[in-house]
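Chemist: What follows is each chain in one-letter form.
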Amino acid sequence: MTSGRSSLPLEVQKLIIAFSSLPGIGPKTAQRLSYFVLSQNKDDTLKLSEALREVKENLDFCKTCCFITNDKNSDYCGYCSEKDATQICVVENVIDAITIEMSSIHKGAFHVLHGAISPMNGIGPEKLKIEELIKRLNNGETKEIIIATNPTLEGEATGMYLSKIISDNFQNIKLTKLARGLASGTDLEYSDFNTLSNAFENRTSMD
Amino acid sequence: MKIANKYSKGLITRCTNYKEADRIFTLISEEEGLMKFIARGAKKPSSKLSGHIEPLNYVNIFYKPSKSLNSVSQVQSIDSFLEIKNNYNLIIKAQYLMELAEAMSSEKEESSFILKLLIGILSGIHKSNLPDLDILIFEFEILKTQGFGIRLFECVNCDQKLIKAEHYFSTNIGGFYCQKCFVTNHHQGEMIRASIEQQSLLRTISRKNYKDLINYNLNTKQIVASRKLIQKSIRDIIGVQLKTIQFDDI
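Respectively, the protein sequence lines represent chains A and B. Using our numbering, you'd call the opening residue of the first sequence number 1 and step up by one each time. Using our numbering, you'd call the opening residue of the second sequence number 1001 and step up by one each time.
Pulled out of the complex, with its shape left as it was, chain A reads as follows (with noise of 0.2 Å):
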């Protein structure tokens, strides 16, 4: 008999891989979640399986904001047709205009960028959905983008590199980015350079 992932069978095999392939999943993790499907009762194995495939058969990413759309072949998906475009807060991930979302801070539209610009990962400006976005503006409905990517180090590179790009080709429309200091309950004694200069930066008046 022989020994490892080459005993177990096809089935089992291909599962393994498919799981391998999810982000922070090793080969390990991959063979546990496999037993667990394999031990799970069928209805609910199948619940997951018809839960993916319905997601990658109805969803897709919106033509205009790249939020995710069930709508694939219209330009505009519902959700960015029904907010205010003169105001576009333009984030890294899907993850991140839901949070802002969930905040009612932001009543204006998203655009999604799918990534941040990291030449140590290889990942450029042509990888993200800066091309969608240029052609948003060229609409000439947009008054303001609003730059919300992280505040990390290839976050601010995408933002500066955005507002490069902008203010180059559209004059009139206002550029801003979320404001950059301390966050709540954090201690004066443990912050970075980068935090407290910014904080120091964008001090407000106390008046």
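Just so you know, these hints were derived from the structure itself, not from any lab. Heads up, a few of these hints could be off.
[What the hints assert, rightly or not] Which chain B residues stay away from chain A? Per the calculated CB distances, all over 12 Å, these: (1) 1045; (2) 1051; (3) 1054; (4) 1065; (5) 1085; (6) 1109; (7) 1116; (8) 1124; (9) 1129; (10) 1168; (11) 1211; (12) 1221; (13) 1224; (14) 1243.
[Stated by the list, open to error] Below, simulated DSS-like cross-link-like pairs (lysine-lysine); rule was C-alpha separation at most 27 Å, straight line: (15) B:1243 x A:164; (16) A:28 x B:1067; (17) A:164 x B:1127; (18) B:1043 x A:177.
These numbers were taken from a predicted model, which means no experiment stands behind them. Built from N, CA and C at the ideal position, the CB exists for glycine as well.
Go by the hints and put chain B onto chain A.
Modeler: Structure of chain B alone, referenced to chain A:
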């Protein structure tokens, strides 16, 4: 047996998010070269580690050693290179420098010289009129440190002193062929023709006569041509093309 906590100093080169709120990051340290760490809860806004664990931060780290991922207890920033972080082009250049330093470092091997070189260039690149020249010096020095110094004065084949003329540079050998040897060896790997000025620039850098470079009336084009030569040599030494090269507009 309880493992004692250790202290290290180095530059964070890359970070990835892990699980709900953790971050895994790579550090080029003085004593142990490339090191991998896990910072638990670092993604939470209230974490005392959060802002410090970012690429391009020079930090002091107090950690619990482990066979796989060292676990961070405390971090203190020494320098965050804010001037670089506020300039898109410099971020791209800094990422290239960090990737190159990573490629030239190994785990469990002292990297104090590489770290010193890296911190040196990162501290001054924002003030430089010719950042590409600083990078060329860095590339040249890092190759020399790791034992891949480029032969600039003699032919790599016959050891004869090179005359003042255009010569061909062999990227896989890391040196120049004299005109006579080039005829018989031109089919061995990639060869790039180097001008007299390019050779002269590299020789001045190799002699560390950095002050003399002011008299050269250098232009970016000339530096870029020399950098391309060194970069191809780096590619042949490490066996892969660095990912950041395609984004550095040289």
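Chemist: To test your reading of the hints: which numbers does this structure violate?
Modeler: Checked against the structure, the hints that fail are numbers 1, 2, 3, 5, 14, while the rest are satisfied.
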